[in-house]
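Chains as they are written, first to last, in the working numbering: chain G, 1 to 282; chain Y, 1 to 282; chain C, 1 to 282; chain L, 1 to 282.
It is possible that some hints are incorrect.
The list cannot tell twin chains apart, which means a pair is met if one copy fits it or any two copies do.
[What the hints assert, rightly or not] Pairs of lysine to any residue residues, derived as SDA-like cross-links and limited to a Cα-Cα distance of at most 25 Å, are as follows:
#1 K9 / L63
#2 K11 / I220
#3 K179 / V119
#4 K27 / L210
#5 K148 / I220
#6 K83 / Q212
#7 K11 / F122
#8 K179 / L43
#9 K11 / I76
#10 K13 / T62
#11 K179 / T208
#12 K179 / Q54
#13 K9 / Y19
#14 K13 / F98
#15 K9 / Y88
#16 K13 / S25
#17 K11 / T183
#18 K148 / I158
#19 K58 / T183
#20 K13 / G177
#21 K58 / L106
#22 K13 / K58
Simulated from the structure, these hints should not be mistaken for lab results.
Number of protein chains: 4
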Amino acid sequence: MKEHKPQSKWKNKLHEVIYEADTPSGKLFDIVLFILIIISVILVMLESVDEFDQRYHKTLLTLEWVITIFFTLEYIARLISIKKPLKYVFSFYGIIDFLSTIPLYLSYILAGSQVLLAVRAFRLLRIFRILKLVKFMGEASQLQSALKASRAKIAVFIYVVLILSVIMGTLMYLVEGDKAGFTSIPRSIYWTIVTLTTVGYGDIAPQTNLGQLLATVIMILGYGIIAVPTGIVTAEFTRNKKNKEVDDKSVLVHVNTQACPSCSIEGHRDDATHCFNCGHPL
Amino acid sequence: MKEHKPQSKWKNKLHEVIYEADTPSGKLFDIVLFILIIISVILVMLESVDEFDQRYHKTLLTLEWVITIFFTLEYIARLISIKKPLKYVFSFYGIIDFLSTIPLYLSYILAGSQVLLAVRAFRLLRIFRILKLVKFMGEASQLQSALKASRAKIAVFIYVVLILSVIMGTLMYLVEGDKAGFTSIPRSIYWTIVTLTTVGYGDIAPQTNLGQLLATVIMILGYGIIAVPTGIVTAEFTRNKKNKEVDDKSVLVHVNTQACPSCSIEGHRDDATHCFNCGHPL
Amino acid sequence: MKEHKPQSKWKNKLHEVIYEADTPSGKLFDIVLFILIIISVILVMLESVDEFDQRYHKTLLTLEWVITIFFTLEYIARLISIKKPLKYVFSFYGIIDFLSTIPLYLSYILAGSQVLLAVRAFRLLRIFRILKLVKFMGEASQLQSALKASRAKIAVFIYVVLILSVIMGTLMYLVEGDKAGFTSIPRSIYWTIVTLTTVGYGDIAPQTNLGQLLATVIMILGYGIIAVPTGIVTAEFTRNKKNKEVDDKSVLVHVNTQACPSCSIEGHRDDATHCFNCGHPL
Amino acid sequence: MKEHKPQSKWKNKLHEVIYEADTPSGKLFDIVLFILIIISVILVMLESVDEFDQRYHKTLLTLEWVITIFFTLEYIARLISIKKPLKYVFSFYGIIDFLSTIPLYLSYILAGSQVLLAVRAFRLLRIFRILKLVKFMGEASQLQSALKASRAKIAVFIYVVLILSVIMGTLMYLVEGDKAGFTSIPRSIYWTIVTLTTVGYGDIAPQTNLGQLLATVIMILGYGIIAVPTGIVTAEFTRNKKNKEVDDKSVLVHVNTQACPSCSIEGHRDDATHCFNCGHPL
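Pulled out of the complex, with its shape left as it was, chain G reads as follows (with noise of 0.2 Å):
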């Protein structure tokens, strides 16, 4: 128990700078991970661009020991400092801090597993969690709850589109034949919905008249369908807008046109029997 005390001090510093962002070292932690995370995420991107990493190979491959030895030092330190570790592991940032930092090591274990260095990218996921701590997201919470409030509609909504699809797809698959590439349903399916999102490729495109006539019916109902999901998130986000300006302390208000007969002053609500400004019966 002595032993265990300080320890647990020193722990519990430990947590406070990783998890936690209200004291100033914890503040600091969360901006150089965040500009390592950004970094790291263009460091990938660039080695991905064969011209470019052909040339820097060397310097990329540096830089990129650095972080992925500081990510693997701040993984270790994210286990020794929580009090369950294994839930930490198997959490969902627990993995992500994982995937993004193995893939270097396995690259000279495993041949063939170079291929997954790109999986690096997803640290980029990890933003979310420094982000989710400085509170960033108070605009982002907005949005979520409409959509949260709308999402059963969207649900049908989607469920429609591809039950849409897939019909809409055989018929074209029937239609079209294996000229013009529509080969088989699932690929029917796949241009559907291309054209139905407006998305239109070109890759695919009908060559009948049948064809032809079929894919304008399927853009004209794309072209209305798009209304749907944008009425559903307006008609929330005007709903929240509404229910948050007669939150507070402010509240609508009928006011009349009446002068008060002592002060002169106006704006007395409806149902008032005196004056607010001197008290003068109205």
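With chain G held as given, fit chains Y, C and L onto it using these hints.
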């Protein structure tokens, strides 16, 4: 009559299981049907992928036969257990049920009818019947009512879009000629709709300067026009929401400017015969 | 004067049939005209499809002559029955009527004027005149008024979009050069509008890294900017709705569920102390 | 001092003409400038079209010299007539004015600087200064305030879209590999944004089944996500409108939680000094 009664009971039981979803056995039947429909639609999709079909043709065919036989038995059971079988046969779901069961049999009888096997994908539509029963569609009905209320406006909108497409398509046909794929007016109209809905495949694209200028106008039109259906549906949603909110204790009442002859209070309902404040007849 | 009167009567009758839609014969005339316009536009479309034209050239030409003669007679009748023929000739519909009748005659007189046959598709515009008469446009007028109210805002919006396109197009021309199709500033602007409106043909696409980065900015701008016309039109629609509901003398009053002890009527204001119907104290 | 005064007067006059728009000569100057800017931008565009430039090179160059000299004189006049010339030189419009005047001179001094001639198109930005003066921007300011109010939410939205693009782009790079154009992570991210914003060029398109499935998810996400900025901006517009409407007799009053010391009634206005119910001083 004596003979009829027990048979009727047996039929009633079958009717309950197949057509309703309130009893445990009815629910079970719906769930089994739901899963089978999903599996069968996935099978139809996989079959249409050549490489997949060549490798697993036998397995796919066996599974398909199992499902088809189940659907055949279900179709017969539906015919037996309902009072007016003919009405069912020619109803929307009756036709869907028949069309999604028959193709596999036909493919053995009629040469060249293999092409119709894709029709089985329409089985997906049967899902709507199940969802209707289990009352999943609570949210959907709200969407439906919003869309129904704005039906007339959306019709006018689509009508204007179509006329615009014909006019613009003809103009583009005159401007671009056979170059760049504007080979006929219908194809030009197809291109106009592709552009107006912002899909933009790029299989046909204007080459001349005048054509590109006109295309620009169409694009900005399409970009702006999309605001119309969105506005219509959103206004409908917002109204729906408001009506619901006001529903409880706050009502929109027609109020006239009449003042009570006794207490001079104002704000009486149009149908009021006495002052709500002092009770004096109005 | 004596000669004039009976002729005037005959003219009046003709005027009624052609220009109005309140009499049975006027309605019939409009319906016949409507059908003929639709048929004639479909004919023009089919003619422009080469394979179709080659096979049925004679039938198409015969039908076209029937319709052209009918339209010619109609044009003459319109000229005769109206008081100020010149005003009609130079009115919007007068010009449309003339332009959609003359091409077939011209194609025999002037060599090379066959290209103008497509102009006949503009006959479609004549439909609007008929719809105006039969008052089909009830819903349309609501759309129109919403659009008219937000006209100024939409103009500013389009103006900003155009300036943005010129600036961004010039930047892309500088960045991409002649590679990848950015051969001149106007073409670059064309590409910018194709991208900003999310149409995205892909006939011109950035190849350099900087160009793709800039394109990304334009896309996200376009994706966000579309919210502006939608917001404008939606706010207008919502307001229209509200105005209609609240229009005259209707106020949002808090009503409770209390029933009058004397007359049992419900719907009293929260602050009511007497029944508004019988005056009994609540 | 004596010498200075009349010069100052002359400078004041010049300042009035150039920087203001309230006097007739100031208005005239603005209109001339407006027309010259439009003409010059059109000239720059036409010059960039090779075929046009080759034919009319001399005319274009002459006109360009006329406009450049006018703009040079204007620039000098602006420098002279303002009190703090340096502040103008380094202001936004000062830099725009300089950049849009200098390229023609530079093209004679520096070899290879012809490429910069396109920079002159940025002269278009100068139009905003003129519009600001003539108060054309009444409607625009309303748009601006709505956008400004929803700035924070739009920032969060764009931020989420960008992170989503990086994650999805990396996934597509892993899934599609070098086939089909996904040669690096930045290019993959470019493709993801092209898809998410529903632009869809089709220069890069997924070829594998898994890639097309993932693309489908991105499309539906993008199709739904567009509802968010629209919802934000629309809610802002609707609120703007409402505030304006409520203006007449119903006012949003700040109410505090203070209770009357005499009758304990709550809901007093912040500026109230007496209870509105009993008249007791607060």
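Hints the structure fails to honour: Violated hints: 1, 2, 4, 6, 7, 10, 17, 20 and 22; rest satisfied.
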